[in-house]
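Q: The lines below spell out each chain.
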Amino acid sequence: MTCDDVRPRLTAYLDGELEGDRGTVVRGHLRTCAACRQVATDEATLRDGMRALPTVDPPAAMWASIQAQLAIAEVEESKRPSWRRALSRWTPMLPRFAVGGLAAAAAVTVLWWRSHREPVQISQVVDHPSPEIQASRDIPTATPSSPPFGAPSFDDVTADLAAEPARTTATYAETATELVTLAAEVRPGWTDEQRATFDARVAELRAAVDRATDERPRQRAWRAMIRYLQQAIVRDDVALASGGVH
Amino acid sequence: MNELAEPIGSPLTGPLAGPLAEPRPRIAAALTDDNELIAACRRGEARAMERLYHQYKRRVFGMAHRIVGASDAEEVAQEVFVRIFRALANFRGDSALSTWIYRLTVNASLSHLAKRGRRHEVGDDGLTDLPAPPPAERDSALASRIEAALAVLPPGYRAILVLHDVEGLSHEECAAILECRVGTCKSQLHKARARMRDLLGDSLRGPGDAR
Ligand SMILES: [Zn+2]
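Top line first, the protein sequences correspond to chains X and P. The opening position of the first sequence corresponds to residue 3 in the numbering used here, with each subsequent residue numbered one higher. The opening position of the second sequence corresponds to residue 6 in the numbering used here, with each subsequent residue numbered one higher.
Derived from the structure by calculation, the hints contain no laboratory data. Accuracy of the hints is not assured; some may be wrong.
[As the list claims (entries may be wrong)] Restricting the straight-line Cα-Cα distance to at most 25 Å, the calculated cross-link-like pairs of lysine to any residue (SDA-like) are: (1) P:Lys191 / X:Val27; (2) P:Lys62 / X:Ala66; (3) P:Lys62 / P:Leu102; (4) P:Lys191 / P:Leu93; (5) P:Lys191 / X:Met64.
Construct the entire structure; sequences and hints are all you get.
A: Structure representation (structure tokens):
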């Protein structure tokens, strides 16, 4: 067996996948060939090093963010007035709202919101997965500077995902608007100071949305806004005292 | 294998001598009844959803982290979980729940990279500038070099290495996740490791191993 025969089998050999004679033959070659032995040693070190990489823990707040996004999605899906029911599923502490008598406050806030609102910018640029990813099955090895992508095709989900950013941004904007309306209903229960804090913080978050020049940052800004609105609506005293967790 | 008449210190008494290290434990015992968990999640039971989240958060986040990088990992992992919960109604159980979740994770990560484009990718040259670490710190230094090399690898290679070598999934699982043949999976792993060896060069060798 030559080096050229052995090299392609080293990975399988090292991973214990060569049975019987096939393994013995490789092992026999490694005993006599220093070059292949070095390659095998390197690969084994690499393999063990990768297996030993530390696990990375997600941020503690990730679950809360996911719940918030799910809430947004549900709000968007459900038609009014059922969206409120959907929201309450995700924010179980949501107080019962006294619906009557608050129309005036709601109108004021909605007017304020409209005056700040610009048409939601839908990005025209819907990215598509790079051709490299779409045509990626078993491309033969190229030069080192342009390595083969070499993975199976992923276009099933990517095509679906590609259309999503613009849709998502629009959804966020609608959700935030609805939450502002909802906030207006609970607003009379706040102190003057809390109202001032709320207004200042919402203005700040709104400005961040306006500042965002790209789809992803804009979505992040919307999410921050929505998180804050949700906190405020469930009478999170921290949110109303300090402007919320950022 | 130890009966091999190799001189002491030969690589054959080292990592080459034995079978693979134990794979990482599979997702723990909590997976006993995926179907029940899925059904509860579909009903929107908060506790079940949280349980599913905690069962998979490390692996989903870890995979995303190593495929898209630290700065975007949370965004991708969140996207994955939102998709999981929203799509659970359509999960038909053709594959294991874990396979389906990891497939969503890999696809979302690769899709994210494709959208992000290549602007964040650094050239291979970045690696050669790293100074050789002192021997005592070799293990952690090797880990960080491996992470650095992974980051410059083509995304498809990154995916197979993360699934098979980092997460310790079998070729059959990897093939199911990547929706390819087992043979493809194996050959991709071989090529990906070869590329990693090229990138890492001497840093894979301790002071005593260098030839
Ligand atoms: Zn050889």
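Q: Now look at each hint and say whether the structure bears it out.
A: Quick rundown of the hints versus the structure:
no.: 1; hint: P:Lys191 / X:Val27; in the structure: holds (20 Å)
no.: 2; hint: P:Lys62 / X:Ala66; in the structure: holds (13 Å)
no.: 3; hint: P:Lys62 / P:Leu102; in the structure: holds (14 Å)
no.: 4; hint: P:Lys191 / P:Leu93; in the structure: violated (30 Å)
no.: 5; hint: P:Lys191 / X:Met64; in the structure: violated (34 Å)
When the structure is compared with the earlier hints, violations turn up for hints 4 and 5 and for no others.
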